[in-house]
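Chemist: Dock chain B against the given chain A, drawing on the hints supplied.
Chains as they are written, first to last, in the numbering used here: chain A, 171 to 287; chain B, 31 to 247.
These are computed hints drawn from the structure, not numbers from a lab.
In this text the structure is predicted, and so the values were computed from the model without any measurement.
Be aware that a few hints might be false.
Claimed, not checked - Below, simulated SDA-like cross-link-like pairs (lysine to any residue); rule was C-alpha separation at most 25 angstroms, straight line:
id, chain 1, residue 1, chain 2, residue 2
1, A, Lys238, B, Asp46
2, A, Lys238, B, Ala220
3, B, Lys139, B, Cys122
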Amino acid sequence: MHEASVTEALIKIALDEARKNGASRVTSISLVVGETTGYMAESLEFYFRSFSKGTPLEGAELKLAYVKPKIRCPSCGKLFERKQFSFDCPDCGTPGTMTSVGNEFYIDSMEIEKDGK
Amino acid sequence: MTERISVRRAVYEENDRMAESLHGRLAKDGVFTVNILGGPGAGKTTSLKQIIARLPRDTVSVIEGDIASDIDTKALRELGIDAHQIDTGGDCHLNVPMVESILSGMSLKKGGWLFIENIGNLVCPAEFVIGEDIKLVISSTAEGSDKPYKYPSVFQKAAAVILTKMDLAPYVGFDMDYFASGVKSLNPDAPIFPVNARTGEGFDAAVAWLKSLKAKS
Chain A
171 MHEASVTEAL
181 IKIALDEARK
191 NGASRVTSIS
201 LVVGETTGYM
211 AESLEFYFRS
221 FSKGTPLEGA
231 ELKLAYVKPK
241 IRCPSCGKLF
251 ERKQFSFDCP
261 DCGTPGTMTS
271 VGNEFYIDSM
281 EIEKDGK
Chain B
31 MTERISVRRA
41 VYEENDRMAE
51 SLHGRLAKDG
61 VFTVNILGGP
71 GAGKTTSLKQ
81 IIARLPRDTV
91 SVIEGDIASD
101 IDTKALRELG
111 IDAHQIDTGG
121 DCHLNVPMVE
131 SILSGMSLKK
141 GGWLFIENIG
151 NLVCPAEFVI
161 GEDIKLVISS
171 TAEGSDKPYK
181 YPSVFQKAAA
191 VILTKMDLAP
201 YVGFDMDYFA
211 SGVKSLNPDA
221 PIFPVNARTG
231 EGFDAAVAWL
241 KSLKAKS
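Bound conformation, chain A alone (with noise of 0.2 angstroms):
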């Protein structure tokens, strides 16, 4: 996986983020997931601790929110999780269609510190 590229890319936007803020630290950073990403926790997280050492992100806490994709049953509109090997409707069997529902990666909001307020 590449977890290591899109640390960078998240990074530059939190230090972005935080210079436009007037931050002069960042303590916490919401991620939302979908898990179609494949983007593994620990992994992130790794990399977020040793790439943001020396900026005002350095310490901060990575909150992830996973999304499950959603897919839809054309039949009866039923919006379901899959199970593995499968993307039928549970209720009527019918063979359901993505959503873009878990496809999601952005942050959300951060928790910001200003000096002297």
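Modeler: Below, chain B without anything else, positioned relative to chain A:
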């Protein structure tokens, strides 16, 4: 005092922006770009040769992405194809800067084709746009009919699937209905082209589809 700020920025934003800009430049010259994805040994290069054999040779350029060899590039060049090599030195996918860098030394035919064969990997290349018009997935019967279920992302993003090694299907217990149903769930609009890349069987339909898509672009 801690303050919460709303960010809502995609981690891929910079890559996506660069890819969009590159795509804009390619499209301005009428170049149709196909990002070819598939696992190692699926038949990406062999399929590419069959596709190119059905197109005017001088309209085609190829970028071959590989981790550490230029065997495929050499094989394409021996056929007189304008092929260029990106050696990622271990990276699991191609990215926009790599493509831009190799393109700077290439002269693409206006109104032609650019095929980019990505690294053999069903996971990482699916996550990154590299300036293409479409992603084309090459999957083989020998890999098994469960691939859409195990690697949904790559099939979700594919404009079409070329299914190679059809001659092996009876020997490897390939279940076409199961495979096709998985692809349809992930991507209802993606056609599947069953082929034999060694004989060329099935490629006329795939290339006709590619041409119609290019004409519409």
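Chemist: It remains to establish, for every hint, whether it holds in the given structure.
Modeler: Cross-check of the supplied hints:
{"no.": "1", "hint": "A/Lys238 <-> B/Asp46", "in the structure": "holds (23 angstroms)"}
{"no.": "2", "hint": "A/Lys238 <-> B/Ala220", "in the structure": "holds (23 angstroms)"}
{"no.": "3", "hint": "B/Lys139 <-> B/Cys122", "in the structure": "violated (29 angstroms)"}
Violated hints amount to a single one, hint 3; each of the other numbered hints is respected by the structure.
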